[in-house]
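Peer 1: Each chain is listed here by its residues.
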Amino acid sequence: MLQDILVTGLVNSGVYALLAVGFSLIFGVARIVNIAHTAFYMLAAYCFYALLVKGGLGFALAGAIAVAAVTALSVLCYRLVIEPVREHESAVLIATIALALIFQELMLLFFGGSYLGIPSTLEGVVRLAGVSIPYQRLLILVVAALMLTAVWFLLYRTRLGLAIRATANDLEVANLMGMNVHRVAMATVAISVALAAVAGVVVAPVFVVDPFMWLAPLVTMLAIVVLGGLGSMKGSLIGALIIGYVEAITVFAVPAGAYLKGAVALLIMVVVLLVRPEGLFGVAFEEER
Amino acid sequence: MYLLRRAWAELANEVFVLPSRTLVLIWVIALLALPLVYDDAYVLRILTMTCLFAIFAASWDLLAGYTGQVNFGHALFFGAGAYASGLMSQKLGVSPWLTIWAGAAVATLIGFLAGTLCLRLRGSYLSLATLAFPLIALGLLFAVPEFSGGELGISGLRRLATTPTQNYYVAALAMLAVVFGLWLLADSKFGIVLHAIRDDEVAARASGINTPRYKLVVFALSAAAAGFAGALFAHYIRIAGPSTLEVALSFQVVIWGIFGGVATIYGPVAAVFILYPLTEWLGSFEKVGELRLLIFAVIVLLVLLFMPRGLTPWVRDKVETQCPRCKQRNGTWRKMCRLCGAALKAEVARAQRLVGHQ
Chain A
1 MLQDILVTGL VNSGVYALLA VGFSLIFGVA RIVNIAHTAF YMLAAYCFYA
51 LLVKGGLGFA LAGAIAVAAV TALSVLCYRL VIEPVREHES AVLIATIALA
101 LIFQELMLLF FGGSYLGIPS TLEGVVRLAG VSIPYQRLLI LVVAALMLTA
151 VWFLLYRTRL GLAIRATAND LEVANLMGMN VHRVAMATVA ISVALAAVAG
201 VVVAPVFVVD PFMWLAPLVT MLAIVVLGGL GSMKGSLIGA LIIGYVEAIT
251 VFAVPAGAYL KGAVALLIMV VVLLVRPEGL FGVAFEEER
Chain B
1001 MYLLRRAWAE LANEVFVLPS RTLVLIWVIA LLALPLVYDD AYVLRILTMT
1051 CLFAIFAASW DLLAGYTGQV NFGHALFFGA GAYASGLMSQ KLGVSPWLTI
1101 WAGAAVATLI GFLAGTLCLR LRGSYLSLAT LAFPLIALGL LFAVPEFSGG
1151 ELGISGLRRL ATTPTQNYYV AALAMLAVVF GLWLLADSKF GIVLHAIRDD
1201 EVAARASGIN TPRYKLVVFA LSAAAAGFAG ALFAHYIRIA GPSTLEVALS
1251 FQVVIWGIFG GVATIYGPVA AVFILYPLTE WLGSFEKVGE LRLLIFAVIV
1301 LLVLLFMPRG LTPWVRDKVE TQCPRCKQRN GTWRKMCRLC GAALKAEVAR
1351 AQRLVGHQ
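One line per chain: the protein sequences are A and B, in this order.
Heads up: the first sequence at position 175 corresponds to 175 in the numbering used here, and the numbers run straight through without jumps.
The numbering used here runs 1000 ahead of the 1-based position in the second sequence.
These are computed hints drawn from the structure, not numbers from a lab.
Some hints here could point you the wrong way.
To be verified - Now the stretches of chain A that chain B is said to cover, found in silico as 3 or more residues with beta-carbon under 8 Å:
1) 5–12
2) 93–102
3) 105–115
4) 221–229
5) 262–272
Claimed, not checked - Quick list of the computed label-pair ranges, beta carbon to beta carbon:
6) B:1317 x A:89: 16 to 26 Å
7) A:2 x B:1045: 27 to 37 Å
8) A:58 x B:1243: 22 to 32 Å
9) B:1042 x A:124: 55 to 65 Å
10) B:1045 x A:173: 38 to 48 Å
11) A:84 x B:1319: 46 to 56 Å
12) B:1286 x A:124: 45 to 55 Å
13) B:1027 x A:112: 47 to 57 Å
14) B:1045 x A:150: 48 to 58 Å
15) A:109 x B:1325: 33 to 43 Å
We put the CB at the ideal spot given by N, CA and C, even for glycine.
With these hints in hand, go ahead and build the complete structure from the sequences.
Peer 2: Okay, structure coming up:
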């Protein structure tokens, strides 16, 4: 059981980290609470399914096209829907909720409400210290680690990353220093949705694909982001590890744990918030009005 | 005769001078007179649900719109009222006329607790943390299925009244009472304090306002109204189930609130009265039925793109103008303020227009 907890926790944490880091990035730079974030993850899974099962493309090609298409769609949505109402925070909020609902209903219309299974990308298991890990789950872990490293490289070793961090730090000053903050925000949207899309593509063979698959990870992702501190990359990563393991422990070690896993994860978030209202690694905005 | 003339004068001077007040009067009369004219059970059923959701949306607005505590888990209070009232009437056999008050009381208590937990949180942290509360409650309810009925909920509750018309009047009168109560409260000195807390909490505290106490009171009041709506809802559809605690309901109330225009009370109510019957009506068509949520989302999105502050503030600005001197509202057709006589459409000089006159 201990090995199960270790492996499941790690794999779940990887997926959650991909989602949470993207959400955190977009909140930090553009102050958008993007409820549609996991809807893009759902879209990517569907896109992957359509290309792979219906279109008959290879795994790598289908995955790449799915990620690219969803990223392009997100930029389009940002330009058409979010940018015109950027000054009105509440309007942005329900615009993203409406977008998520639209995606959900469209998928329901095209593919129906039934659960769709996707064949495993990689067959077989590897035995490691007495636990058998399917290659598919190992792939999730490897992809998550690669993507997170790539994001770290992008943010801390390139000019675009510098601009993104500067905009997150202070939008007005970044604008005065000659950065095109609109374009930076757009690039951030693309990066963050690409992360979500990659997560959607790699988990599609493990989980089932259905139009409501965005709701459960949405809540967990929000809990992680709040737990770690809004807008903090490090916080999102550590939050993902905490929540991933807490869920795994609840499922395997507590009776009726499958029902309680969400409740326990959220309870931990609430407790952390009570002790540290700005999350583990967040910055307190006491003087910000 | 004198009284009649007096009443007519009051009406003409206070209500008919403003298009918005006239609209509200027409709406109230239509709401009360509808079953006398047209008592189709299906229409009454939809309108009963609309009334109950209107209470719910208005209670969200007091908390989120006025006080700025944007609650993403308002379904917690709705569900608390529904479950408390349902359990009490089912397990103890108490009349639903008494248990709805108990449901509201339990919701108030939970609102007080949630408010205490949220006192230190602000902005997005508060929204996202409150999103968690109903889900924690849902997980706990599912873990004790013998007590809560699990995924099926508590079914077979007694109704408050027997015929559709009676049920409709219960809901409509409750809605009118609660909404006008909330509106009066929000329009009073208490409401001004809430505006101050939303706009600048630090300044409000510096002016000697005990902001935590106000926030707690608002949490409790808003929860009481939402729990009342939840209890009525549970006894109307005869089930207190997990759907009253779902994320979808919490999001729904946020959509109603922002679509109608926040910090108005009447905005969310108007939004419910437009959107809820619209989605039900669309659902009654065979082909469009599957698309109704899609159409709903697209309408919300389009309306927001053109009226980012919400529907009612936009309409209100079209039919009424604010007097520049005394800040009272006037119909757009007037040239002079009806109260202080100031010119409403002052000639704006060209230079002023160029610098972006407000």
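Peer 1: Evaluate each hint against the coordinates.
Peer 2: Against the structure, the hints:
1. 5–12: Contact hint for the stretch 5–12 of chain A vs chain B: violated, 0 residues under 8 Å.
2. 93–102: holds (count 8)
3. 105–115: holds (count 4)
4. 221–229: holds (count 4)
5. 262–272: holds (count 7)
6. B:1317 x A:89: 16 to 26 Å: 20 Å, holds
7. A:2 x B:1045: 27 to 37 Å: For residue 2 of chain A and residue 1045 of chain B the Cβ distance comes to about 55 Å; the hint is violated.
8. A:58 x B:1243: 22 to 32 Å: Roughly 42 Å apart at Cβ, these two residues miss the hinted range, so it is violated.
9. B:1042 x A:124: 55 to 65 Å: 58 Å, holds
10. B:1045 x A:173: 38 to 48 Å: About 57 Å separates the Cβ atoms of residue 1045 of chain B and residue 173 of chain A, which means 38 to 48 Å is violated.
11. A:84 x B:1319: 46 to 56 Å: Violated - the Cβ-Cβ distance for residue 84 of chain A and residue 1319 of chain B, about 25 Å, lies outside 46 to 56 Å.
12. B:1286 x A:124: 45 to 55 Å: 49 Å, holds
13. B:1027 x A:112: 47 to 57 Å: 41 Å, violated
14. B:1045 x A:150: 48 to 58 Å: At 55 Å between Cβs, range holds.
15. A:109 x B:1325: 33 to 43 Å: Since the Cβ atoms of residue 109 of chain A and residue 1325 of chain B sit about 55 Å apart, the hinted range of 33 to 43 Å is violated.
Violation of the numbered hints given earlier is confined to hints 1, 7, 8, 10, 11, 13 and 15; the remaining hints are satisfied by the structure.
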